[in-house]
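Chemist: Next come the chains, spelled out residue by residue.
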Amino acid sequence: MTDPRTLSPLDLDTPDKTYLDANELVINMGPQHPATHGVLRVILRLDGEKVLGLECVIGYLHRGVEKIAENRTYTMFNPYVDRMDYVAAVSNGLGYCEAVEKLLSVEAPPRAQYIRVILTELNRIASHQLWLGTHALDIGAITPLFYTFRDREEILKIFEKYCGARLTTHAFRIGGLQYEAYDGFEKDVRNFVKFVRPKIDEYEELLTTNRIWLERTKGVGVISGKDCIALGVTGPVLRASGVKWDLRKAQPYANYKNFDFEIPVGLNGDTYDRYIVRMQEFRQSLRIIEQAVEGIPEGPIMAKVPKVMKPPVGEIYHSIEAPKGELGYFIVSDGSTQPYRVRVRPPSFVNLQALDLMCRNQLVADVIAVIGTLDIVLGEVDR
Amino acid sequence: MHDLINYITSYFGSNLTPGAAGNFFWATVYILLVFVGLSIAVIAMNWLERKILAHMQVRLGPMRVGPHGLLQPIADAIKLLLKEDIIPAEADQLVFWIAPFIVVLAAFTVFVVVPFGPTSAITDMNIGILFMLGVSSLSVLGIVTAGWASNSHYPLIGALRSSAQMVSYEVAMGLAVVSAILMTSLHGLGFYGVAASGDTGTLSMIEIVNAQMEQQTWFIFKFFPLGLIAFTIFAIAMVAETNRAPFDLPEAESELTAGFHTEYSGFRWSLFFLAEYSAMIAVSSIAVTLWLGGWLRPFPNALAGRTWDVIFSFFPGLTFLALGAITFYNVARMPRHPLFRIQTMGLAGFGAVLGLIGVVLLIPEISSHVQNVFWFSAKVAAFMYLYIWYRGTFPRYRFDQLMKVGWKVLLPTGLVLLILTAGVGMRDEIWDLLQRVTHS
Amino acid sequence: MNPIVAQNPPVATPFFFYLLAAAMIIGGILVITRKNAVHSALALITALLAQAGLYLMLYAPFVAAVQILLYAGGIMVLFLFVIMLISIERTMKERQFNSQWLIGIVAAAALGGLFITVFTKGKSLFPDGHFTYAESGNTQAVADLLYGPHTGMYMFSFEIASLLLLVAIIGAVVMAKKRI
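Protein chains in written order, with my numbering: chain A, 720 to 1102; chain B, 23 to 462; chain C, -8 to 171.
It should be emphasised that the hints constitute simulated quantities derived from the structure, not laboratory data.
Cβ coordinates follow ideal geometry from the N, Cα and C atoms, glycine included.
A hint or two may mislead.
Claimed, not checked - In the DSS-like style, the derived pairs of lysine-lysine whose C-alpha atoms are separated by at most 30 angstroms in a straight line are:
| # | chain 1 | residue 1 | chain 2 | residue 2 |
| --- | --- | --- | --- | --- |
| 1 | C | K26 | B | K430 |
| 2 | A | K821 | A | K1026 |
| 3 | A | K913 | A | K968 |
| 4 | B | K101 | B | K73 |
| 5 | B | K426 | A | K769 |
| 6 | C | K114 | B | K426 |
| 7 | A | K821 | A | K1023 |
| 8 | A | K945 | A | K906 |
| 9 | A | K876 | A | K918 |
| 10 | A | K769 | B | K430 |
| 11 | A | K821 | A | K1029 |
| 12 | A | K769 | C | K112 |
| 13 | A | K906 | A | K963 |
| 14 | A | K937 | A | K906 |
| 15 | B | K73 | A | K937 |
| 16 | A | K945 | A | K913 |
| 17 | A | K876 | A | K976 |
| 18 | B | K73 | A | K918 |
| 19 | A | K976 | A | K937 |
| 20 | A | K876 | B | K73 |
| 21 | A | K913 | A | K821 |
| 22 | A | K786 | A | K945 |
| 23 | B | K105 | B | K73 |
| 24 | A | K937 | B | K101 |
| 25 | A | K945 | A | K918 |
| 26 | A | K880 | A | K769 |
| 27 | A | K880 | A | K821 |
As the list claims (entries may be wrong) - Listing some non-contacts, in silico: residues in chain A with all C-beta distances to chain B over 12 angstroms:
| # | residue |
| --- | --- |
| 28 | V758 |
| 29 | R760 |
| 30 | R930 |
| 31 | E934 |
| 32 | T936 |
| 33 | P983 |
| 34 | L1076 |
| 35 | R1079 |
| 36 | L1082 |
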């Protein structure tokens, strides 16, 4: 490894700098910038338009979620996880609930599992839709944003009908579900699947074969599968680099092993492949939802969980495939009602590490494209 | 006094533009007319762009200020004028102050030679098209200085991008224009146009349109497909020249926040806005003049004659009547609610005004005078719609790709096109020369 | 060409001449006295535009248009492009005039003498004659002079000049670029 200081973008004193050689400049992108998806601050060192290096400054949205966990009971902490990746709150909840369930050695009943899968996959679609809209907006196509938000609205409506909240849903409880699926839930979901399928084709129509889109995304922000694994990058970014790794298949949680779906994989690991992978994931998610909604069993929705949870002393790591990658919860229990320590492995945070590698020697415009394609949510990065 | 009236009335019946006739009174009137018309066009364009873009994006766009947001541009203008005028402390005060005026001045001066009709132009210059290109190339100075004077990184990068972009695309644009100018003097080929009457070409905007009339073809169809290719090059270059999507890198919102005018606000910002839209209208006017027959109505030669003239003279009035009808259709669709009464009445009033204009334009005496301006504006309006359409459809080019398109695609194509145009136009002479060479 | 133009001779020609000349001179002085290079460039643009105006007054609209298109719109943009990137703080500290007073005075005196000579003896130095302006055919006249079948005597020198410029461009690129 080279000395990290030599990699710093702020290190400006190059030996061959002359009087006219003022074309190297340091730019602060963010924390208030239209395309950094929140409050990410990127310090760019540029040679004209070429990126010589960059450094991410994070923490502007730090709320100490992990520390809060130590002062809350297991149940009380549940809503907090929704605030991390607020565009995929359901997935956060699923990961946390399953981790605590594992710690308690209980398992949610099958009916709850099915509804969980439906809601989580719906949330994956919503998250990807938001990604697509903002990513396309960053690259300059303004129209897809409105299309995706129009369709995402239908998902949020289902959430709202189910639990009353649209964004930070707090949909799941440790041990199962709080609420039974409302009347007509299955019909709504079926209608949604029917509704959204042509819409996904519509998004693709605007972008997939668009020459400018191809030029802007092909060969941009390339990262190899090896580098991904070295950096711990997961999710669609890893899969687009050709690594067939999806926790839903690799370590099936919930009841994903009951469903028939494929893992879309890319080849080149560039922005276009990541786009294609996510577009395929839309369809795979719809497939899962279709199967799940057909097979929802009857039965209870809540396992037997004590009112006051005191998990046995021990530690547990449980991870799920969130829309953005591997979302893991590491929980240490000291036997009391409150966790001793909760550590979240947020996919956005880990994926963001790859930004520097992916942006080197690319242009400023590519940094924007790469930030978009990494699909980060700053709430999750900073926690 | 009598002399003055004589001076004013002496222009009537002249078949020259006021500038060429040397009549300062009418030149001033025309300048004011163009200025007012342009300002109205920019305001209308502001509203239309929002509405059209919104409907492309399954939204409604402005709906609150006035019926269907019709008063939104006015509200915006008031807001911009009343805003605090901020000049950053570290900015170069003088240059920061001058820059927007350079841009506006360049954008508006161009309209001196735009021919809205055979006599409806402020003046007709021998170097019309050169003047237009020259003056519009000055606007880049304003953009560059604006970016530099802000003394901030994003505006500087925006200014660098825009200057590089505008200078590069001017070259391709110039080549396309030259090929159109060549066509004014070259002989037509077969179905696509007849021989030019004179031997000399022209740079005058009015004469270019007259040449299309004489040669009985729009230059877009002349030497098919050469004219079409030249037009395409120009149509691409002009979008880049005006910094609009998909070539809107200088103000790429997601990268540079707002590019060269990041530090500008209020009135100064609105000047940039005004300049951008009038520049769009200006380059569209060039395209219309050079390739789409300027003020000529469709088929002035094939469908010539008194009857057709009368039929086509109905178009301006009918267009406005149709717009009025659409407005009244929307009046009928307004919510029946007391709160909406004023809005409904306002919309009905607007429709009535449109209808009234339509009726007035149906009067033969008036329509014969306004026709040319109408056809010219209609063609320009088509380009304006294209601008909005591009913006709704395309992602943004990256800077190197933009340069690649400009220098490696458009420029060589333009060069080859120029040579081909000259070759096809001079085919008889070349043939003669070849025969003489082979005989000797 | 048309009678109305002939009836209306250009008004206030001396007024416009002095206006433009003054703009040019002030612009020229500002170019060399401003410490800020961008201000100098803007002054130079003013001077160039005023010069274009003078060309117009000489009934040479084509030359005026080319002046605007190439100098003000093209070359000056490239100037600004380079100047913008120079650190202003450093240029402000640089000494602006060098101290070769002697050569400067000699050169200025020579130029001034030339001007005075021309001004006082201009009538006898230059042939008397009426200038026939051809505003409407200016572009064609220029083209004829350059490329015309009978009068095109400047074609060779014109082409040579363009070739020279090309060489200069390539030379500049070779010298300025660190790695090609």
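Chemist: Hint by hint, note whether the structure agrees.
Modeler: These are the hints, each one checked on the structure:
1. K26/C / K430/B: Distance ~39 angstroms between K26/C and K430/B Cα, so the pair is violated.
2. K821/A / K1026/A: It holds: about 17 angstroms lies between the C-alpha atoms, which stays within 30 angstroms.
3. K913/A / K968/A: holds, 26 angstroms
4. K101/B / K73/B: holds, 20 angstroms
5. K426/B / K769/A: holds, 16 angstroms
6. K114/C / K426/B: violated, 56 angstroms
7. K821/A / K1023/A: At roughly 13 angstroms apart (the allowed maximum being 30 angstroms), K1023/A and K821/A satisfy the hint.
8. K945/A / K906/A: Judged against 30 angstroms, a Cα distance of about 44 angstroms means the pair is violated.
9. K876/A / K918/A: Holds, because 17 angstroms separates the two Cα atoms, which is no more than 30 angstroms.
10. K769/A / K430/B: OK: K769/A and K430/B at ~21 angstroms, within 30 angstroms.
11. K821/A / K1029/A: Distance ~13 angstroms between K821/A and K1029/A Cα, so the pair holds.
12. K769/A / K112/C: violated, 61 angstroms
13. K906/A / K963/A: At roughly 33 angstroms apart (the allowed maximum being 30 angstroms), K963/A and K906/A break the hint.
14. K937/A / K906/A: Roughly 40 angstroms between the alpha carbons, so the hint for K937/A and K906/A is violated.
15. K73/B / K937/A: It is violated: about 33 angstroms lies between the C-alpha atoms, which goes past 30 angstroms.
16. K945/A / K913/A: violated, 38 angstroms
17. K876/A / K976/A: Distance ~28 angstroms between K876/A and K976/A Cα, so the pair holds.
18. K73/B / K918/A: holds, 23 angstroms
19. K976/A / K937/A: Not satisfied, since the Cα-Cα distance of roughly 34 angstroms exceeds 30 angstroms.
20. K876/A / K73/B: holds, 27 angstroms
21. K913/A / K821/A: violated, 35 angstroms
22. K786/A / K945/A: violated, 33 angstroms
23. K105/B / K73/B: holds, 25 angstroms
24. K937/A / K101/B: Judged against 30 angstroms, a Cα distance of about 43 angstroms means the pair is violated.
25. K945/A / K918/A: violated, 35 angstroms
26. K880/A / K769/A: The hint is violated at about 49 angstroms.
27. K880/A / K821/A: Holds: K880/A and K821/A sit about 29 angstroms apart, inside 30 angstroms.
28. V758: Answer for V758/A: holds, closest chain B Cβ roughly 15 angstroms.
29. R760: Non-interface label on R760/A holds, nearest chain B Cβ at 14 angstroms vs cutoff 12 angstroms.
30. R930: Since the minimum Cβ distance to chain B is about 9 angstroms, R930/A lies within 12 angstroms and the statement is violated.
31. E934: Non-interface label fails for E934/A: nearest chain B Cβ at 5 angstroms, not farther than 12 angstroms.
32. T936: violated, 9 angstroms
33. P983: holds, 22 angstroms
34. L1076: Holds, because the least Cβ-Cβ distance between L1076/A and chain B comes to about 19 angstroms, which exceeds 12 angstroms.
35. R1079: holds, 16 angstroms
36. L1082: Its Cβ does come within 12 angstroms of chain B, the nearest being 6 angstroms, so this is violated.
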